[in-house]
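> If you want the building blocks of each chain, they are given just below.
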Amino acid sequence: MSDMEETEGHVGPAAPHRVIGTPPPSPRLLGSTAVAEDGDGDGAGEVTEAAGDEHIVGLPPDDPRVLLHAKRVERIVAACFTFAFIAGCGFIAAYIGLGVHSVDKTLRSNLALGTSLSLALIALGLGALLWVRHLMPNVEMVEQRHELRSETKDRQAFEEYFKEGAATSQFVKRPLVRRTLMLGTLPLLAIPVVLLRDLGPLPGTSLRHTVWSPGRRLLVYGTNQPLTPAEFSAPGQSITIVPEGFTDNPDALAKATVTLIKFRPGELNVPTTTNGDTLISTMNWTVENIVAYSRICTHVGCPVGLYEQTTHHLLCPCHQSTFDAATGATVVFGPAPRPLPQLPLTVDAEGYLVAKSDFTQPVGPSFWERG
Amino acid sequence: MSDNFDVPAPLTGVGGWLDDRFHGARGFRVLMRKVFPDHWSFLLGEIALWSFVILLLTGTFLSLFFVPSMSEVIYHGSYVKLDGIRMSEAYQSTLNISFDVRGGLLMRQIHHWAADLFMASLIIHMLRIFFTGAYRKPREVNWLIGIGLFTLGLLEGLFGYSLPDDQLSGAGLRIFEGALQGIPIVGTYLAYFLFGGPYPGNIIIPRLYIVHVLLVPGLILALITAHLFIMVHQKHTQMPAKGNTEKNVTGQPFYPYFLAKGGAWFFFIFAALALLATFAQINPIWLYGPYSPVQISSASQPDFYMGILEGSLRMMPAWEINFLGHTLSMSVLIPFAVPLTLVLGGAAFWPFFEQWATGDKSWHNINDRPRNAPVRTGIGMAAVVFYGILWAEGANDVLSDFLQIPLYTITWIARVLIFVGPVLAFVITRRICLGLQRKDKETLLHGYETGIIRQMPNGEFIEVHKPVNEEGRAVLEAKEVPALMPAPSSEDANGVPAATSPGMLGKFRAAANRAFAETIAIEADGHGNGHGSGNGHEAGNGHGPEIAGEEHEAVGTPSSPAQLPSGDEDA
Chain A
1 MSDMEETEGH
11 VGPAAPHRVI
21 GTPPPSPRLL
31 GSTAVAEDGD
41 GDGAGEVTEA
51 AGDEHIVGLP
61 PDDPRVLLHA
71 KRVERIVAAC
81 FTFAFIAGCG
91 FIAAYIGLGV
101 HSVDKTLRSN
111 LALGTSLSLA
121 LIALGLGALL
131 WVRHLMPNVE
141 MVEQRHELRS
151 ETKDRQAFEE
161 YFKEGAATSQ
171 FVKRPLVRRT
181 LMLGTLPLLA
191 IPVVLLRDLG
201 PLPGTSLRHT
211 VWSPGRRLLV
221 YGTNQPLTPA
231 EFSAPGQSIT
241 IVPEGFTDNP
251 DALAKATVTL
261 IKFRPGELNV
271 PTTTNGDTLI
281 STMNWTVENI
291 VAYSRICTHV
301 GCPVGLYEQT
311 THHLLCPCHQ
321 STFDAATGAT
331 VVFGPAPRPL
341 PQLPLTVDAE
351 GYLVAKSDFT
361 QPVGPSFWER
371 G
Chain B
1001 MSDNFDVPAP
1011 LTGVGGWLDD
1021 RFHGARGFRV
1031 LMRKVFPDHW
1041 SFLLGEIALW
1051 SFVILLLTGT
1061 FLSLFFVPSM
1071 SEVIYHGSYV
1081 KLDGIRMSEA
1091 YQSTLNISFD
1101 VRGGLLMRQI
1111 HHWAADLFMA
1121 SLIIHMLRIF
1131 FTGAYRKPRE
1141 VNWLIGIGLF
1151 TLGLLEGLFG
1161 YSLPDDQLSG
1171 AGLRIFEGAL
1181 QGIPIVGTYL
1191 AYFLFGGPYP
1201 GNIIIPRLYI
1211 VHVLLVPGLI
1221 LALITAHLFI
1231 MVHQKHTQMP
1241 AKGNTEKNVT
1251 GQPFYPYFLA
1261 KGGAWFFFIF
1271 AALALLATFA
1281 QINPIWLYGP
1291 YSPVQISSAS
1301 QPDFYMGILE
1311 GSLRMMPAWE
1321 INFLGHTLSM
1331 SVLIPFAVPL
1341 TLVLGGAAFW
1351 PFFEQWATGD
1361 KSWHNINDRP
1371 RNAPVRTGIG
1381 MAAVVFYGIL
1391 WAEGANDVLS
1401 DFLQIPLYTI
1411 TWIARVLIFV
1421 GPVLAFVITR
1431 RICLGLQRKD
1441 KETLLHGYET
1451 GIIRQMPNGE
1461 FIEVHKPVNE
1471 EGRAVLEAKE
1481 VPALMPAPSS
1491 EDANGVPAAT
1501 SPGMLGKFRA
1511 AANRAFAETI
1521 AIEADGHGNG
1531 HGSGNGHEAG
1541 NGHGPEIAGE
1551 EHEAVGTPSS
1561 PAQLPSGDED
1571 A
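Listed in order, the protein sequences are those of chains A and B.
When we follow this note's numbering, the leftmost residue of the first sequence carries the number 1, and every step to the right adds one.
When we follow this note's numbering, the leftmost residue of the second sequence carries the number 1001, and every step to the right adds one.
Incorrect hints may have been included.
Dumping the calculated DSSO-like pairs for lysine-lysine here, alpha-carbon to alpha-carbon at most 27 Å [unchecked claim]: (1) K1361(B) to K1247(B); (2) K1081(B) to K153(A); (3) K153(A) to K1242(B); (4) K1361(B) to K1137(B); (5) K1439(B) to K153(A); (6) K1081(B) to K105(A); (7) K1507(B) to K1242(B); (8) K1081(B) to K1247(B).
Which chain A residues face chain B? A few, computed with CB under 8 Å, are given here [unchecked claim]: (9) S109; (10) L148; (11) L202; (12) T205; (13) T223; (14) G245; (15) F246; (16) C318; (17) G334; (18) F367; (19) W368.
Read the hints as simulated data drawn from the structure, not as lab findings.
Glycine residues also receive a C-beta, built at the ideal position from the N, C-alpha and C atoms.
Using the sequences provided together with the hints, build the complete structure.
Here is the structure:
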């Protein structure tokens, strides 16, 4: 530090001028005679006191000011640890004293437990930090690195032993042994994969079908009541439908759930489209301007849960695929590649809405065999 | 304060007993004096380590009460709003942990916050490693392990937050299943095998549970162990500073300094998580309700580390290819595979690309300052921007609501930015780096501005510049620039053709090499001791001759920085 010229308004060890953007002085500004230690050597590495607390820098360790500072820090550290003890006991007391089993009580318990735990941990951390920064002398050590590369003679020896072992085992010399060994282990490698076969059934054509069948009633999700077109007559209305008989079956619902929408006369224009010979959407599958679309997004299968009356848009909240419900749920925006499949609707003898058939195309996300 | 005291007899006795059997004193002697460099950025990885420890502690507690079962029950518990509701045992037991186990809610929230902190600190830690070039030889393997840890962390987090079987996590699983189905050829089978049949089935939660509490944590633990052992064996890198060389490592010893500091750091991290768990609610599954495949809530968001996947799914335009009776679902495949492969695969590939492009096979123990490697820093920032745009797009509905910009507009902005943003980031960052190098050069050659204005006898005002002190110079001069490789298809004096191949690859390598080798050289041409006349100043704003002569005395001609790295050559 002596080489720095003194600066205005500073006494004592001159702090270097620093401008924003210049690197801060390294901690080794004071006393840079750190002793190198050979990490593998025999001599116990010496450590050098480099820099201590700013106010007591350069003072001998038995200077009264150093001793006073240490004494003060010692008390603070002890206070921290004592506080941690008290807070820790507070945690145990809160655990014993405060019950749960209701939202209010849980909130109170969580607050008390969390606060006491946090305080105990903060106090422990603070105590340890003050201890290491103010009571332990600030030493710096230099450790020498060793070449990671082995010495050439070791590498050569390794190569030699390797060759020697290979020659002794005759692994190279006897290809029959070598090859049959590899052959013998092959099935063992395959077995862990084979064993996984019974994790589940083969998909078969199950992704192509849902539980909808001719005559199966549409039930209102939640109440599980069937519905007549007259009960569902407010234009712009939309409702979630589950199939009769499967209202509590998640596997069935994950594919068969349907959104039912009522339009004003003339607003609904489902185009007639086919996939090969299969009809996949038509006005004939609607009943009194009521149309039913699969609720399962054709992107990755989230329920298409949002319906905007004014624009007739169905929106999937997961990835914002948007479908125009008025024109056969065609894709307006987003990553969904296909319209939502339409469920053929009709009414049964009692006047309730029922499915005319299953969906005529697979619902939900695309899969390899879909075609 | 180096009091002499005798190690208590029981301690020496036990120590001796152990050493007689395990030869431990020798190893521990070295470990006790392992040097930890003192730099704040070296604490980032530790955050991840301690978060993982806290995850193990809180996770063990949670596993004592959690029931990984999808059997249906009717709830009649403490949370009366859900009374009489049909739900899975997994969801019910999570409610019970929250409302009926003392400290259960606290542990659940610490666990969840710790998972977020684990992933966040991993990201920041990896950025630090990348931007300072700490992944370079000999540490490439630890870099790859780090990428593996990040990938496992993603999976672990996804499986973990799927366990409570609430509405939000169910939506996440549904998306996961849809993505599996999108995989060509085997996708449908993978989905059926994982879920034990059609989605959702009744087996996925027990399966995810064992993966979440045993398989993945075991792998993570093994990789962390390897990571730390390799780190200890290869020793830390260090930041450029006076006295720091490629052959030493400077810092404070493990015992007692790092032990105390690391302990304090652990307590602080634990305290931060405990405070978050106390005052910041996370994953309130009782508000989401039990999972039903029929329902969905708007503004569904995964945990932040899955945001990049969510964003890329939202950003992708519809695209599907149908051929020969098969469907290739590009709107699922691309968002799932491409961004993560680009970011993580690119990160894994980078150290080897850099070695190839720079021809630098030496080992590096002194980190680069990011400005001194403009191409690397530029690429890193491009990746950050790429990741950031995808991540922000993952919350496009929330952004749309917050900024009052139409949802589709936000998506369109993101679709454009994902291509333009990284390029801009690269160009701008590179220029900033070169600018900072110029600034460094300026500081080295002319000292720094002190802010002290002096009036010269002739009335002129000048600002006093002072030479950078030795420590500052050590930092500023620590600049290693890759050497230029001979041009492709050129020959050296003896007619030996250059190692770079003449084809397209060779041209690309030469171009990359030129980019890596670009630097602002600190040449003091005309700036040596004798430049007191001031006529060599590029920006000689107000350097008076007398002052300059006085201030710049200490500035010598630094050794040429553009020399080949002087590390040990690889054989």
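> Each hint: holds or not?
Going down the list of hints, with the structure as the test:
| no. | hint | result |
| --- | --- | --- |
| 1 | K1361(B) to K1247(B) | 16 Å, holds |
| 2 | K1081(B) to K153(A) | 76 Å, violated |
| 3 | K153(A) to K1242(B) | 35 Å, violated |
| 4 | K1361(B) to K1137(B) | 7 Å, holds |
| 5 | K1439(B) to K153(A) | 48 Å, violated |
| 6 | K1081(B) to K105(A) | 15 Å, holds |
| 7 | K1507(B) to K1242(B) | 39 Å, violated |
| 8 | K1081(B) to K1247(B) | 66 Å, violated |
| 9 | S109 | 6 Å, holds |
| 10 | L148 | 5 Å, holds |
| 11 | L202 | 7 Å, holds |
| 12 | T205 | 11 Å, violated |
| 13 | T223 | 13 Å, violated |
| 14 | G245 | 15 Å, violated |
| 15 | F246 | 11 Å, violated |
| 16 | C318 | 6 Å, holds |
| 17 | G334 | 7 Å, holds |
| 18 | F367 | 4 Å, holds |
| 19 | W368 | 5 Å, holds |
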